[in-house]
Amino acid sequence: MVRRILVVAAGLLWASSAFAADVSLLNVSYDPTRELYAEFNKAFAAAYQKETGKSVEIKQSHGGSGSQARAVIDGLQADVVTLALAYDIDAIAAKGLIATDWQKRLPLNASPYTSTIVFLVRKGNPKGIKDWDDLIKPGVEVITPNPKTSGGARWNYLAAWGYALKKSGSPDKAKQFVADLFKHVPVLDTGARGSTVTFVERGVGDVLLAWENEAFLAQREFGKDKFEIVAPPLSILAEPPVTVVDKVADKKGNRAVAEAYLKYWYTREGQEIAARNSYRPRDSEIAKEYEKSFAKVELFTIDDVFGGWTKAQKEHFAEGGIFDQIYKN
Amino acid sequence: MSEPQALTFTPRDNIHTEPRVIRFVIVALAVLFLLIFVVLPLIVVFASAFSRGLSAYFAALTEPEALSAIRLTLLIAAISVSLNLVFGVIAAWAIAKFEFAGKTFLVTLIDLPFSVSPVISGLVFVLLFGAQGFFGPWLQAHDIRVLFAVPGIALATIFVTFPFVARALIPLMQEQGTQEEEAAISLGASGLQTFFRVTLPNIKWGLLYGVLLCNARAMGEFGAVSVVSGHIRGETNTMPLLVEILYNEYQFVSSFAIASLLAMLALITLVVKTILERRLDEGQVPSDD
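Those protein sequences? They're chains A and B, same order as listed. Oh and the first sequence: position 23 is 23 in the working numbering, straight run, nothing missing. Oh and the second sequence: position 152 is 1152 in the working numbering, straight run, nothing missing.
FYI, nobody ran anything at the bench for these hints, they're computed from the structure. What you are looking at is a predicted structure, and each value in this text was computed from that prediction instead of being measured. Warning: the hint list may mix true and false statements.
[As the list claims (entries may be wrong)] Derived SDA-like pairs (lysine to any residue); straight-line CA-CA distance at most 20 angstroms:
(1) A:K252 / B:A1149
(2) A:K42 / B:E1249
(3) A:K251 / B:A1149
(4) A:K166 / A:D134
(5) A:K95 / B:Q1140
(6) A:K247 / B:Q1140
(7) A:K175 / A:D324
(8) A:K59 / B:A1149
(9) A:K42 / B:E1235
(10) A:K252 / B:P1137
(11) A:K42 / A:A260
(12) A:K148 / B:L1123
[Stated by the list, open to error] Quick list of the computed label-pair ranges, beta carbon to beta carbon:
(13) A:E221 / B:L1200: 51 to 59 angstroms
(14) B:F1087 / A:S293: 54 to 62 angstroms
(15) B:F1135 / A:K42: 33 to 41 angstroms
(16) A:T100 / B:W1138: 21 to 29 angstroms
(17) B:P1137 / A:D324: 30 to 38 angstroms
(18) A:A38 / B:G1223: 53 to 61 angstroms
(19) A:K183 / B:G1102: 46 to 54 angstroms
(20) B:S1115 / A:E221: 34 to 42 angstroms
(21) B:T1062 / A:A38: 13 to 21 angstroms
(22) B:L1109 / A:S293: 55 to 63 angstroms
(23) B:L1109 / A:T301: 48 to 56 angstroms
(24) A:K167 / B:L1074: 53 to 61 angstroms
[Said to hold, decoys possible] Non-contacting residues of chain B with respect to chain A, defined by C-beta distances greater than 12 angstroms in every case (computed):
(25) L1085
(26) E1181
(27) Q1193
(28) L1200
Think of the CB as a built atom: it goes at the ideal place given N, C-alpha and C, for glycine as much as any other residue.
With the rest of the complex left out, here is chain B (with noise of 0.2 angstroms):
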């Protein structure tokens, strides 16, 4: 950025050659947006949460149906995330540490639940394991539930979520290279000893960052479980598909009580992916997206 044998004009004046009226507009257009679709529609949950009260606020939160909604939302969450965690890592390791045929083609596998569209990751499930569909009838005959039960919702979750941590891993592995590794390796380091000792405190910013991503997608994930949760109140609805449900049905202070949980989460996660942002900078290669 700085310039350093400026001489008779200091960079500002170098780089902002247009009139002051245009840079203005742009830069109160760019707020405008922001105020009409990120603030505003955040003030209108809050304020429609709140608009009978605490305690109103408070009592739809502590209903039984919510209360499953959260639990449910939750459990999802620790199941996708901590698997996502464990197939991330080592796609991505596979990926930016090895050379292998096919290479190109399973990165574009990683990639493929972003270009779905998720009520078509929700139905391929539906085609899988429903009473007609593919491993239906065995599933029938041994009495598992897959679809319209939690082991349904996790799977499309997972499908859904699945790119976030490796996304996250590989171009950051990419760049740190092999040789620390090498080096580790040559000095007689196990290659467990090398992941724990070695490649895992290089990559601990952008795995958080990750999971991190993954987790806010997991627990606002709508199409996909929306299509394999079969909607029993009080079992298979998650937080999400329930804020749905009770504005359909004109509670509208529950609705966005439950929607204020995902929104606050929504900020956290705000907060926290700036810090790991910052300590990525910080630490070592900055991180591609």
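Bound-form chain A, shown alone (with noise of 0.2 angstroms):
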């Protein structure tokens, strides 16, 4: 009997290993993307059969998007990289992975879906928070990831600085702002799934400054009971972008299946994945249709208000940039 389950066991273990596909692609993602992915890339890989009737295996790999840039840089045989914010891929541009012009190569600044910051509150919003303001009153708990590695922490951190910045008008204000709401931080997690754990679980924390589908997503896993999403009036427009790793890409002879891949997200199909997981699709129409699903948030850019990613990291997230400023003391 031992001996017959044993032999089952082995059997299993390594007869799944003889399936393979006709083309492997490696999609190095951040952190709350996994359903996204899950359900995208099922969606291509049969459309790609149908049209090429060729088989397509995606692998994905999840992380926080800092931490896996660096893991491209450091070796990782992405063929596309699909990471929360375009600082991250131009870190891998400037090693010379990814050409520099990369943004212009897709439509819509290379980001086929977005998303904004919004808040999730316990069940009945005990603490009352309705606006950016409400964050950084007394006994407030905050719950936010590192934004030294998570890229949902950054866009956090910006949407903060750029509300308390349009109600000021000030940098210095802002910058205080900042400061007072990172002082209601107990704890940073290295991830934006990391920190929804930390809370939804865990239990730590009154509010969680969330990725809108990361929000959704955390309340479709545990019940419309337990959380409530909070959208304040106005917050960031968050552009996760995508590209193609061309160093990786071309050496494994992946270039057109990967460029087919990403523009997939550009058809009717991929913009109602993107809907119906919680991401903003960029299709007028598709947005129409799912327009109930989506508070009415104002929404500034970060080119308008941070003159663009580059110049943002530079001034708050470098080594020594505002953030360590405000975050040592």
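Got two chains here, each in a separate frame; can you build the complex from them with the hints?
Here you go:
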């Protein structure tokens, strides 16, 4: 009996490795896109097989956006990267793995889906959180990941800064607001999903600063009777970009598939998958269809307020930047 | 232990002068501690794994991603344990049976992986074999993949588990001394014959003990492997990494199902370890730790 079980187990272990697709792509992505790409990959593989007759298998790797970029720079063989923000892809491009004009190669800043930053609060919103100012009230604990490693955290930070800047008109006041905000943060996780788990499962904190899609997912998984989403009247337009890693895709001979894969985002099916997973679609028709799923939020862009990612990264998140200054105190 | 000249009191009374209450409190504290830190977590792991029934449990374990993680973990353990077996015996042999300059330094080096944080151990391999690292350009030019593939994971695991076999053997071999080997050689045995016929039978229980601990750590290592794995699903995720990933995806049954396999490994290790320790005590010299 024991022997039979062992034989079956061994058979299972080795049989499953026999399957191999014609083409295999590696997509290195950020933390909260796991469910999104699980669905998108299936749809693309079916569409690609129908069109070309070839089977394609897409492997995924997820983690904090900054550390994923680092891994690709260190040699993780990604055919495509789909990260949380343009700066992380710029960092890979700076090492010569991607052409520097990558953001012009696909429409809409190479960001086929967008999101924004919202608040996830516990049922009944016991601390009465409605807008950014409520986050720095006494006794409110805020959960957000570490901006040094997490893309989502950088969007959180910039959204808070942008809000304070628009309200007060003074960069000094904005800095003071963000500094106050981080005094309310008891723990910095390395990635967005880690922060969600801290807030949702470990029950730490009163409000989670989260990607809108991540907030919806937590609500779907744990029920609307446990968490509520609060959309602030003003927030940032988060554009998570995608691109082919030229050096790797060319070496593996995967460029054509990799490009087809990313272009699939801009089709009706692709946009619908984004919307179903609570990412804001770019296509105006699909956006209209899913209008009711997303709160009306006035959105500012990083280019408007911060003059683009390179500048924002250097001023705020680089070694000795504003985040380092305020977090030390 | 036994007191041959015990006259008016039993040895027991002699040893325990504390009042009963204190004795009881101390024992109760120890039991409570064990319950909270060992038994309770184990129960939680198995209860969560089976919370949706047997079929959900087995379905979770036969997912392609789970199978791939189990396969990778077994492969990594096989590679690192067999290499560390060889390295460990050689190192222990050299240290216990010979005198040479720099011996203390070598012993310190062997212990190094115990004192270095596993994450740092992983990062060392990134600095050595990463595309921007020391050997990176050469490896890329020859299209050899070390980092984010099986070789990198194996290297990191070997590094972290290196001390176990040597540590188990050194005190044992030192206490056994070199007389038996000297006798064998003076009777005309060759070096290899001496090793296989004299040394190996003497150290076999200690060796098994080291291999067992080495294997347990190799299968359970998280930090170092996490740094060098690249987290490619179905390819470079070991069981401990997959547990974390599934947990973060709200797939609690699957996550704890894999965790239960690791917990069972720990339990089996514990049982075998107890048996081996008894053997060691019976056999010859008691082991140091």
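* **Violated constraints from the hint list, given by number and in increasing order** => Hint 18 contradicted; others consistent.
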